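Enquirer: Single-letter residue listing:
Number of protein chains: 2
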Amino acid sequence: MGTVSAPKQDRSRATRQRLLEAAVECLAEHGWAGSTVSVVAERAGVSRGAAQHHFRTREDLFTAAVEYVAEQRLTALRNALVPVQLISGPARTYGAVQELVGLFTGPLFRAALQLWIAATNEEQLRARVTDLETRVGREVHRMAVELLGADERRPGVRETVQGFLDMARGLGLANLLTDDSARRERVVAHWEGVLRELLERPTS
Amino acid sequence: MGTVSAPKQDRSRATRQRLLEAAVECLAEHGWAGSTVSVVAERAGVSRGAAQHHFRTREDLFTAAVEYVAEQRLTALRNALVPVQLISGPARTYGAVQELVGLFTGPLFRAALQLWIAATNEEQLRARVTDLETRVGREVHRMAVELLGADERRPGVRETVQGFLDMARGLGLANLLTDDSARRERVVAHWEGVLRELLERPTS
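Residue numbers (full-length UniProt numbering), protein chains in the order written: chain A, 1 to 204; chain B, 1 to 204.
Keep in mind the hints are simulated off the structure, nothing from the lab.
Honestly, I wouldn't trust all of these hints.
Said to hold, decoys possible - Stretch-level coverage of chain B by chain A, calculated; a stretch enters the list once three of its residues show a Cβ under 8 Å from a Cβ in chain A: (1) 10 to 20; (2) 48 to 61; (3) 64 to 78; (4) 93 to 99; (5) 104 to 116; (6) 191 to 202.
Unchecked claim - Incomplete in silico selection of chain B near chain A, CB under 10 Å: (7) Val39; (8) Glu42; (9) Gly45; (10) Thr134; (11) Val136; (12) Gly163; (13) Leu171; (14) Ala174.
Being a predicted model, the structure only gives us computed values, none of them experimental.
No residue lacks a Cβ here, since even glycine has one placed at the ideal position from N, Cα and C.
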C-alpha cells in the first residue's frame, strides 16, 4: 500500500464501483448473452484495460456485481430493521412484509435472475453463483426472522418464514414480463394477515 | 388436405412432435443462447430443411415448444383432477398440493424459465411469451381451485390460492441451481396444513 497515494486509491475504488453498477444494469437489461466486459466498460465510461485491471474475466465481473448489489440490498434491509423493530403489532408485520417483498421485485432481483439462468448453462459460473446464493439466502432468512419478530424455537415458525420468502420469490418472478403490481398488492395484503396470525398464534 | 395421404400426415405430425420435444430439452439444458433451429433439428434427427418447413423462425419453434409441453402438463393436471376429486379431507389437499408444486419443479418449468428470461431481452419473443403465460397462468389457477375444492365466492379464497401458486413458483426457482427437495418437503408439508385450514375455515 505504501506507494499508492490516498487519492489514487479513492479513484480506483470509485472506478470499481462504477463498473459494478454498470454491470448490474447491463445484466438486468440485456441478459448474460449481451453482457461483456467491453459493454460494461463503455457504459461505465472506463477504458477496457482499466476494466480488466479490476476484473480479469467476465465471470469475475458479474459475480462481483451481483454480490455488490446484494450487499447493498442487505444493508438497506438492515437499515429497515431498526424502524420496523420500533413498531409493534399489525404495523410491524406490514412494514416487514413490504420490505421483504420489495427485495424480490426490484432491479437486483432481475439482475440476480439473469445470473442464475446464465449459471445453469455455464459451468464456470455455477459454483460461484451457488455459493453467493447460499450466503444471501441465509442472510435474508435471518433478517426476515428479525423483521417479523418471529420466534423460530416454536414449531413450524421456521417453515412459515421460509414459505413466505418462497412466495415473495414467486411474486418477483411473476413480475418479470409484465407489471404484476395490482395483483401482487391484493395477494400480499391477504397473506400478510395470514402470516401475522401464524406468527402470533399461541403454541398448542 | 385432399392430396396428402394419411400416412404422410402422420409422419409430418410425428416429425413436428419430435422437434418440439427436442426444443424443450435443448432450452432447459442449454438456454436460449445455445438453442438454435439447427441444434434442435440435429437432436431430433430431422434435416434442417424439414425443421424449417415446420417452423419458419427460432421464435416460432421455441414458443410452440413451450406451448406444447405446457399443454402436456395441463393435460396431466386435468387427469389428476378426477382421482384427487374422489378423495376428501386432508388426503385431497395433500394430493392437490403435490400435483401443483410438481408443476413448478419439473423440466417444463426449467424450459419455461429459460424462455421467460430470453423474452426479457428479445422484443420479438416478449409479446408471445406474455400471451402464453397469461393463458397458462389462468388455466393453472382454474385447475388449482378445482383440485383444492376451493370456494372462490368466499372472501380471501382467491388470494389464498394465488399466493400458494406464487409460493410454488418460488419453490421452483429455489430448485434451479441446487437440489432443494429436502427443504422443499418440509416447507410444503407445513404450508399444506395452513392451506387446508384457510380453505376449510367457516366464513366469519
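Enquirer: How does the coverage statement for the region 191 to 202 of chain B fare against chain A, requiring three or more residues with Cβ below 8 Å from a Cβ of that chain?
Expert: That given contact holds, which follows from 3 residues of the region 191 to 202 of chain B lying within Cβ reach (below 8 Å) of chain A.
Enquirer: Would the hint on valine 136 of chain B be counted as holding, given a Cβ-Cβ threshold of 10 Å to chain A?
Expert: This hint is violated: valine 136 of chain B lies away from chain A, its Cβ roughly 12 Å from the closest one there, beyond 10 Å.
Enquirer: Holds or violated: the region 48 to 61 of chain B covered by chain A, criterion of 3 or more residues with Cβ-Cβ distance under 8 Å?
Expert: violated (count 0)
Enquirer: Would the hint on alanine 174 of chain B be counted as holding, given a Cβ-Cβ threshold of 10 Å to chain A?
Expert: holds (6 Å)
Enquirer: Has the region 104 to 116 of chain B got at least three residues whose CB is nearer than 8 Å to a CB belonging to chain A?
Expert: holds (count 4)
Enquirer: Grab the minimum C-beta distance from leucine 171 of chain B to chain A and call the hint holds if it beats 10 Å, violated otherwise.
Expert: holds (5 Å)
Enquirer: Answer holds if the nearest beta-carbon of chain A is closer than 10 Å to that of glycine 45 of chain B; otherwise answer violated.
Expert: violated (23 Å)
Enquirer: Just to be careful: measuring from the Cβ of threonine 134 of chain B to every Cβ in chain A, is the smallest value less than 10 Å?
Expert: This interface hint holds because 8 Å falls under the 10 Å limit.
Enquirer: State whether the coverage of the region 10 to 20 of chain B by chain A holds or is violated, taking the criterion as 3 or more residues with Cβ-Cβ distances under 8 Å.
Expert: violated (count 0)
Enquirer: Less than 10 Å between beta-carbons is the criterion; does valine 39 of chain B satisfy it with respect to chain A?
Expert: violated (13 Å)
Enquirer: Once the shortest beta carbon distance from glycine 163 of chain B to chain A is found, is it less than 10 Å?
Expert: Holds, about 5 Å.
Enquirer: Restraint: glutamate 42 of chain B near chain A, CB-CB cut 10 Å. Satisfied or not?
Expert: With a minimum Cβ separation of about 18 Å from chain A (threshold 10 Å), the hint on glutamate 42 of chain B is violated.
Violation of the numbered hints given earlier is confined to hints 1, 2, 3, 4, 7, 8, 9, 11; the remaining hints are satisfied by the structure.
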